[in-house]
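Order-wise, the sequence lines are chains G and A. For the first sequence, this note's numbering gives the first residue as 1, with consecutive numbering after it. For the second sequence, this note's numbering gives the first residue as 1001, with consecutive numbering after it.
A hint or two may mislead.
Below 30 Å or equal to it, Euclidean Cα-Cα: the simulated DSSO-like pairs (lysine-lysine) are [stated by the list, open to error]: (1) A:Lys1069 - G:Lys294; (2) G:Lys353 - A:Lys1069; (3) G:Lys374 - A:Lys1002; (4) A:Lys1002 - G:Lys83; (5) A:Lys1002 - G:Lys520; (6) G:Lys516 - G:Lys415; (7) G:Lys83 - G:Lys105; (8) G:Lys516 - A:Lys1002; (9) G:Lys357 - A:Lys1069; (10) G:Lys366 - A:Lys1002; (11) G:Lys195 - G:Lys257; (12) A:Lys1118 - G:Lys415; (13) G:Lys366 - A:Lys1069; (14) A:Lys1118 - G:Lys374.
Read the hints as simulated data drawn from the structure, not as lab findings.
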Amino acid sequence: MFSKLILCASPTRLIAGRWRFGKCLSCKVFAHDQAGFDAFRLYLLEQAHTPIYLIADAVDEDYRIETVPHTFGAARSELLARKLGQIYRNIQYRTAQFVGREQEKRKDDRFLFMALNNADCITPWISLIEELQAPLAGIYLLPMVSQIVLDRLKIKAPDLLLTVRQSNGLRQTYFQNGKLRISRMTQLPSMDDSKLTEFFLNETEKTRLYLISQRLIGRETRLKLLLAGMGDGISRHLDLERQGFESVELGIEEIAKRFGLQPAALEQFHELMHMQALASRVPSVNLAPTTQTKTYFILSLRNAINLGSLVVLASGIILSAYYLLQTDDLNSQRALAQRQTTQQEILYGEVAKNFPKTTFSGDELKTAVEMAQKLTGHITTPQRLMLVVSTALDRAPEIQLNRLRWELTDDIDVKDDEKQAQSSAKAVAQPTAKMAGNGSLYEIGFVDGEIRNFVGDYHAAMESVTRLVAQLKKDKTIDQVVVVQQPVNTSSLSSLQGSTLDGQAQQLPAALFKLKVVLKQEAHS
Amino acid sequence: MKLTAHDWKILRLPLGIFGTVMILATLMTGFASKTQTEAFQALQTQNGQLNQARQRYLASDAEREAIVKYLPLYQQLIQQGFIGEERRLEWIDELRTINQQHKLFGITYSIGAQEAYKPPFSVNTGPFTLHRSVMEIDLALLHEYDLLTMLNTLAASRHAPFMVRNCVMTRLAGGVKNKFVPYLNSSCAIDWLTISEPQRTEVKP
């Protein structure tokens, strides 16, 4: 899970190294022939499920800066895929790396489009990887990794030319403000070291002229040369300062020290510097199509799911342990509270020994007593109504009282219905909002009477009732008096029958009337 | 990137393990959380009991005073028949006594079944349950104030409290005043009120 297989493929050979936690554990070389392929097959079988990162160190590469409208997300991916298809129609290994945004106009995005024009140097190895379904994480051009090398060396310059001697040639990579722009690889002919310096000087000059022709630098631009593993004293030997270059030399020992590598191994495999850089950090883009990295994707997904399982399990255990610890703490607190409660109860028991014996607390006894007092306070009789009606009737001798009904109710709109009057006593009184705010009930009376010695004078009869009502209203204990029934109903809404002969024939109907009297409420506590 | 059946086969076991671990972790955490919540609630309850015990101890003087003050009154209510079983025989006896004492023309009564009662005004019943039994009374009257005499005497008899719900007085046909014959007929509905105690086995000291 923590191992990496870093491969560096050149036209002549493949260097394969196994890294674990950023440390190179082993390194092997496979020749670009059938024997090498067979050996690599066996090697891959030994390293099953180890992610593979492949560096292509080839001559046929292409780099170009392109601007595209500023987009992001899926739109950017789609745009770049279309652009890559246009620029590198028949090239399988291609990619685009974001460089920055234009400073003017639309502020378009600037991308470095890169491609491996001739993939012969990696095709046999990739075929083997695909055949064995080994997890290929990505394919990178060597200059893409050079950018990581440069970051790691912490050497910065506006115009920097990294010159590295590889096992199969001389590679010169140009960085503008720390960003990769262009790279070229030159095959190294067999020659001695004295001629090598001249070769290097010529190639550097060619590169400079190329950069000028591409308008990447001006004629007066002072290039900074970073010479990695080129041999000690080469800049002094060539007097590069006089040639118009600023130079920094990094010998094998220095590189080995900075990258944590063995100098002997680095001397043997110059590519180790780039492989080590790739082992420590992976570029954001790679050349491999998704079909070739699918196995790696599935492997990563599987690892992510396994990691997720581990995280969930660990979280569950930690959270459960936290809850259980809290539970333990709470239980301890409860036990303490229990002991304190018992102690308080013992203290109370000691004090309460002298209390009178009862099954109820003082509050409960008080509640029962107060309830009885309150209910007793609501005992009301028809006395008030009888007194009021009696007083009024004393002043109306022409009126005879036939029936008096008194009701204690919470419904001020109660009607004098005989049946209802009987059943209301049986019905459970419902507490309603109509009850007076002072907590008392309404005392309502219905007075049924008639006019004594009625001789058909309805005017006089109605006058008598009106006087009686007025007399009742004078009483301060009365809230309202309503005439429910007049001696005669003169309403236009009902029929009226009678005869003017009724008086002579002594067949007069009785002049009956009914009043509803509501007494003012008495306050109750 | 589309995943094939072969890819899913590779991912099947990790996904299964992940699902199992999720369920396991959820159950484990849920159980631990429930245990913690229960422990917390138990602590809250225990703290409540502790506070009550403290308050009870601190208020023991007031408690004693309340018991000393209200227990005799409470026992008096029991004797009167307000607390406990209804004493219907005593009510009937009282009616008979009133009838004899005040030389009434006889009182007819009927008492309905006892039922739970919630009065139309607010009253704190505490742990007690309030009941009522409706008594309907019919009596002939020589004078309307005989009804008041009967009701007032009943109220003064210090039995359970009652509430007069309604009364109707009707002039008898052919009734003559100032003769020793019934002149009016009256009927009343009365709620006899009693409360029942909650079931308690423990006797508080």
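Indices of hints not satisfied (ascending): 1, 3, 5, 8, 10
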